[in-house]
Amino acid sequence: MKKAQVFTPDFIVASIMFLLILTILQVYTQNMYEKIDKQENLLYYDSLISTTDILLLYQGYPEYWNENNVEVLGVAKKPNYLNRTKVEHMMNMTNDKIRKIINIEGRSFNMTIENSTDIMYTKGSSDWEDAKNIFVINRNGIMDERSVKIRFIVW
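Residue numbering for the sequence shown follows this note's numbering, beginning at 77 and increasing consecutively.
Just so you know, these hints were derived from the structure itself, not from any lab.
Keep in mind that the hints are not guaranteed to be accurate.
[Stated by the list, open to error] Computed list of lysine-lysine pairs in DSS-like fashion (alpha-carbon distance at most 30 Å, straight line):
| hint | residue 1 | residue 2 |
| --- | --- | --- |
| 1 | Lys176 | Lys225 |
| 2 | Lys173 | Lys208 |
| 3 | Lys176 | Lys208 |
| 4 | Lys153 | Lys111 |
| 5 | Lys225 | Lys199 |
| 6 | Lys199 | Lys154 |
| 7 | Lys225 | Lys114 |
| 8 | Lys176 | Lys199 |
| 9 | Lys176 | Lys114 |
| 10 | Lys111 | Lys208 |
| 11 | Lys173 | Lys153 |
| 12 | Lys199 | Lys173 |
| 13 | Lys153 | Lys225 |
| 14 | Lys111 | Lys176 |
| 15 | Lys154 | Lys176 |
With these hints in hand, go ahead and build the complete structure from the sequences.
Quick look at the structure:
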């Protein structure tokens, strides 16, 4: 055997082992990235729950805010009892301003408030059907002594 010759069976075995190791590393990193994405989505969902808590459990800041001076968005007169005036002020705000105040810039949202018979208020975009990473939060509340359902969708 001459120097610098490759023994073919050794080369084939080494190539197969190399490709096998590369494949295992690829599968491992792909699974790791999927877990990271799931964790990020769970953290984002938790932050949206906190955002809706603030929105529906607190009166916001300043106490008698309107669409021009609001710093913290909250529409409750007491926890889960919605203040119609504050809801209407929120509905008069631009979508961009709402996104900025509730810290969802770069995403789209839709919020509806409905009673048992019809949709009372809706704000935001309505094109979430083809979106990826849709987060939906449903809450119940009371407005004008009637039960309402609040749906907050972010994508």
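Against the structure, the hints:
The suggested pairing of lysine 176 with lysine 225 holds, with an alpha-carbon distance near 24 Å, which does not exceed 30 Å. Under the criterion of a C-alpha separation no larger than 30 Å, the hint pairing lysine 173 with lysine 208 is consistent with the structure, at around 23 Å. Between lysine 176 and lysine 208 the alpha-carbon distance is near 21 Å, which keeps this suggested pair within the 30 Å criterion. Between lysine 153 and lysine 111 the alpha-carbon distance is near 40 Å, which puts this suggested pair outside the 30 Å criterion.
Taken as a hint, the lysine 225 and lysine 199 pair is honoured in the structure, with Cα atoms around 14 Å apart against an allowance of 30 Å. With a C-alpha separation of about 22 Å, the suggested pair lysine 199 and lysine 154 falls inside the 30 Å cut-off, and the hint holds. Restraint check: the Cα-Cα separation between lysine 225 and lysine 114 comes to about 28 Å, which is no more than 30 Å; the hinted pair holds. A C-alpha spacing of about 15 Å is found between lysine 176 and lysine 199, which places the hinted pair at or below 30 Å, so the restraint holds.
Distance check on the hinted pair: lysine 176 and lysine 114 sit about 25 Å apart at the alpha-carbon level, within 30 Å; holds. With a C-alpha separation of about 17 Å, the suggested pairing of lysine 111 with lysine 208 holds against the 30 Å cut-off. The suggested pairing of lysine 173 with lysine 153 holds, with an alpha-carbon distance near 22 Å, which does not exceed 30 Å. Of the supplied pair hints, the one linking lysine 199 and lysine 173 holds, its CA atoms being roughly 12 Å apart against a limit of 30 Å.
Taken as a hint, the lysine 153 and lysine 225 pair is honoured in the structure, with Cα atoms around 16 Å apart against an allowance of 30 Å. Restraint check: the Cα-Cα separation between lysine 111 and lysine 176 comes to about 29 Å, which is no more than 30 Å; the hinted pair holds. As the CA atoms of lysine 154 and lysine 176 are separated by approximately 24 Å, the hinted pair is consistent with the 30 Å bound.
Checked against the numbered hints listed earlier, the structure breaks hint 4 alone; every other hint is satisfied.
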